[in-house]
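Asks: Sequence lines, in order, name chains Y and L. Going by our numbering, the first sequence opens with residue 1, and the numbers climb by one from there. Going by our numbering, the second sequence opens with residue 1, and the numbers climb by one from there.
Calculated directly from the structure, the hints in this document are not laboratory data. Possibly wrong hints are sitting among the right ones.
Okay, derived cross-link-like pairs now, DSSO-like style, lysine-lysine, Cα gap no bigger than 27 Å in a straight line [said to hold, decoys possible]:
1) Y:Lys58 x Y:Lys72
2) Y:Lys83 x Y:Lys136
3) Y:Lys19 x Y:Lys51
4) L:Lys45 x Y:Lys72
5) L:Lys45 x Y:Lys83
6) L:Lys7 x Y:Lys189
7) Y:Lys72 x Y:Lys51
8) Y:Lys83 x Y:Lys50
9) Y:Lys19 x Y:Lys83
To be clear about the criterion: a stretch of chain Y counts as covered by chain L if any three or more of its residues have a C-beta under 8 Å from a C-beta of chain L, and this derived list gives those stretches [to be verified]:
10) 168-178
11) 224-235
Since the model is a prediction, treat every value here as computed from it, not as a measurement. Even glycine gets a Cβ: it sits at the ideal position worked out from N, Cα and C.
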Amino acid sequence: MATNPMHQFNVYRIGPEIKLGEVDISFTNASLFMVISSITILLIFNFGSKKNSLIPNKIQLLAELSYSFISKMINDTAGSEAKPYFSFIFSLFMFVLFCNMFGMIPYSFTVTSHIIVTFVLAAFVFIGVNIIGFIKHGFGYLKLFVPSGVPIILLPLIVVIEIISYLSRPISLSVRLFANMMAGHTMMKVFGGFVVGLGIVGGWLPLSFAVALTGLEILVAFLQAYVFAILTCIYLNDALNLHH
Amino acid sequence: MELEAAKMIGAGLAAISLAGAGVGIGIIFGNYLSGAMRNPSAAQKQFPNLLLGFALAEATGLFGLVVALIILFAF
């Protein structure tokens, strides 16, 4: 296990093999950690909102803090019109955050270090934002690609660039989260390999590095969930308030 | 040239893009610090923007790292 730093990203089947036609839908370790993080979120918010006391206990404090944090973020970036989409962005943030944080436990599995998971999340956001934009503005939503105040000669070039940058949004959104998580976990495993390789004499230096990296990775795990949510808000803002 | 050696060189070249991420993160934090020193009362309000810029700058470098890993492990 210590020899290959990429070994931690292996997806393997636990339990019986289930096939739906050609597609393998058996329960894997990735699905196990998704279930664990979803259940943890549900438990926290069930216990957090059960007894609403004026002086909150710890779980209620956690629930209230995360709620007000995301609510404030949506209000600041996407305006009050984005209020109906609060529950979607909140669950997106909490899911990504808990998947990242559960990945920080040693010998656990990081769900978000697989591009297919993050790409599905980003594709949901992209398709949803498109639908909202077209419902709200009709074909006027295409004005998004024509920025105001651009000289008419430059316009064909600008429109092409805008369309390409718009279409690359789901890719950059998903690759950002995936690359951050994968790079961080690979780096931690590489330093762990150094500790084993250098032994009792020289292993202390990489060990202290690994401890510092764990702190950095916890910061990154929170930060990437936050960035994922805030970029969703920014895209939603483009769809809701055209030419603000 | 051997294919294996070419792959290693290519992955190493792709990882150079992380230098750009380092420069970007340094610029973001340095400018935030100098701005916060000039006007400490406005610093707290710009902290989310700092984190956003940090994450965006780091991500562009990591795209290069992903290319390196794809060269090493996917082909």
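Asks: All hints, please: hold or fail.
Replies: For each hint, the structure was consulted:
no. : hint               : in the structure
1   : Y:Lys58 x Y:Lys72  : holds, 21 Å
2   : Y:Lys83 x Y:Lys136 : holds, 15 Å
3   : Y:Lys19 x Y:Lys51  : violated, 44 Å
4   : L:Lys45 x Y:Lys72  : holds, 13 Å
5   : L:Lys45 x Y:Lys83  : holds, 22 Å
6   : L:Lys7 x Y:Lys189  : holds, 22 Å
7   : Y:Lys72 x Y:Lys51  : holds, 24 Å
8   : Y:Lys83 x Y:Lys50  : holds, 24 Å
9   : Y:Lys19 x Y:Lys83  : violated, 40 Å
10  : 168-178            : holds (count 4)
11  : 224-235            : holds (count 4)
Taken one by one, the earlier hints fail for this structure at numbers 3 and 9, listed in ascending order.
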